[in-house]
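Novice: Put together the whole structure using the sequences plus the hints.
Sequential numbering from 0 applies to the sequence shown in numbering that gives the first Met the number 0.
Because the hints were derived from the structure by calculation, they are not lab data. Using N, Cα and C, we set each Cβ at its ideal position, and we do this for glycine too. It is possible that part of the hints are untrue.
Between beta-carbon pairs, the in silico distance windows are [as the list claims (entries may be wrong)]:
#1 Tyr-171 with Ser-209: 44 to 52 Å
#2 Glu-64 with Asp-36: 17 to 25 Å
#3 Gly-217 with Arg-170: 25 to 33 Å
#4 Pro-202 with Gly-76: 17 to 25 Å
#5 Gly-73 with Pro-202: 42 to 50 Å
#6 Arg-170 with Met-93: 27 to 35 Å
#7 Glu-204 with Gly-141: 24 to 32 Å
#8 Ile-92 with Ala-197: 16 to 24 Å
#9 Ile-201 with Leu-95: 22 to 30 Å
#10 Ser-209 with Ile-92: 15 to 23 Å
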Amino acid sequence: MPKDKAVLITGAGSGIGEACAHAFAVAGARLALADIDRVAAANVAKACGGAIVIEADCGDVTSIEAMVDAAVGGLGGLDAAVNNAGVTRHADIMELTEADWDRIHRVNAKGVFFCLQSVARRMIAQGRGGRIINIASIAGRGFRGTSNAAYAASKGAVISLTKTAAQQLGRYDINVNAVCPGVTFTTLVEQLIRDRSAARGIPIEEMRRSMETPIPIGRGNDPVDIAELCVFLAGPGSRNVTGQAWNVDGGLITS
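Specialist: Written out as structure tokens, the structure reads:
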């Protein structure tokens with residue numbers, strides 16, 4: 000794995016999900032790419048040389064079940080899944096509303112759980128094990144530069160879910176791991192940079208530099224940095240790696 004294996008990636012239309020699609024395609028995987036924006040997912044599929052394209056709302060359980068059914072049906076099973084779909088916005092803790100909390104947790108926490116559960120159900124039925132990779136964040140470990148507290152809480156939930164799921168799914172030879180990106184220059188983060196720049200009245204480049212300055216290695220992530228770890232966690236070199244949350248952050252968080 001992942002050569003010739005069937006892999007589902009959510010939030011595949013941009014950012015980390017798009018980078019994962021390209022990395023898995025290069026590794027020889029057969030792909031199902033899901034996104035709430037079908038056109039974006041289709042564009043990524045075309046760039047990857049072809050893939051099953053699924054329009055899915057990863058905050059809706061019915062949509063999640065339909066997505067996994069489509070992936071399993073189209074690929075003839077599932078060997079790995081990357082639960083990447085997520086949402087956020089820039090907000091101070093005192094600015095967050097109930098609507099913000101519900102929107103963020105609907106996708107980032109509830110959505111990841113039900114994607115994991117749905118995928119695991121199919122993997123158990125297949126009887127050949129599998130790999131589940133949840134995209135969390137160093138925000139879930141207490142990173143002070145998080146976009147907002149609700150987002151941090153949702154990603155902390157993903158880390159805890161990963162550990163418990165690994166314990167309970169290990170008997171089926173299903174590995175469950177989380178990846179915790181640090182500052183990663185995706186479209187979503189670029190929007191956060193613009194929002195913070197406007198809020199603080201400083202140039203965008205200065206805002207970007209202020210985010211990278213505290214990173215010991217001196218640079219933020221490109222989405223491919225996350226994607227390459229996901230490919231490893233889906234491959235043979237990680238067969239006994241499970242229940243872990245892996246930071247990819249240039250040394251920004253040390254726990």
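Novice: Now look at each hint and say whether the structure bears it out.
Specialist: Against the structure, the hints:
Taking the beta carbon of each, Tyr-171 and Ser-209 are about 45 Å apart, inside 44 to 52 Å as hinted. Hint check: Glu-64 to Asp-36, Cβ distance near 20 Å, so the stated range 17 to 25 Å holds. At about 43 Å, the beta-carbon gap between Gly-217 and Arg-170 misses the expected band of 25 to 33 Å. Taken as a hint, the range 17 to 25 Å is violated for the pair Pro-202 and Gly-76, whose Cβ atoms sit roughly 50 Å apart.
Roughly 46 Å separates the CB atoms of Gly-73 and Pro-202, a value that falls within the hinted 42 to 50 Å. Look at Arg-170 against Met-93: about 45 Å separates their beta carbons, and that is not inside 27 to 35 Å. The given range of 24 to 32 Å is respected by Glu-204 and Gly-141, whose C-beta atoms sit roughly 27 Å from each other. In this structure the hint that Ile-92 and Ala-197 lie 16 to 24 Å apart at CB holds, the actual value being about 19 Å.
Judged by the Cβ atoms, the range 22 to 30 Å given for Ile-201 and Leu-95 holds: they are separated by roughly 23 Å. Against the hinted window of 15 to 23 Å, the Cβ-Cβ separation of Ser-209 and Ile-92 comes to about 20 Å, which satisfies the hint.
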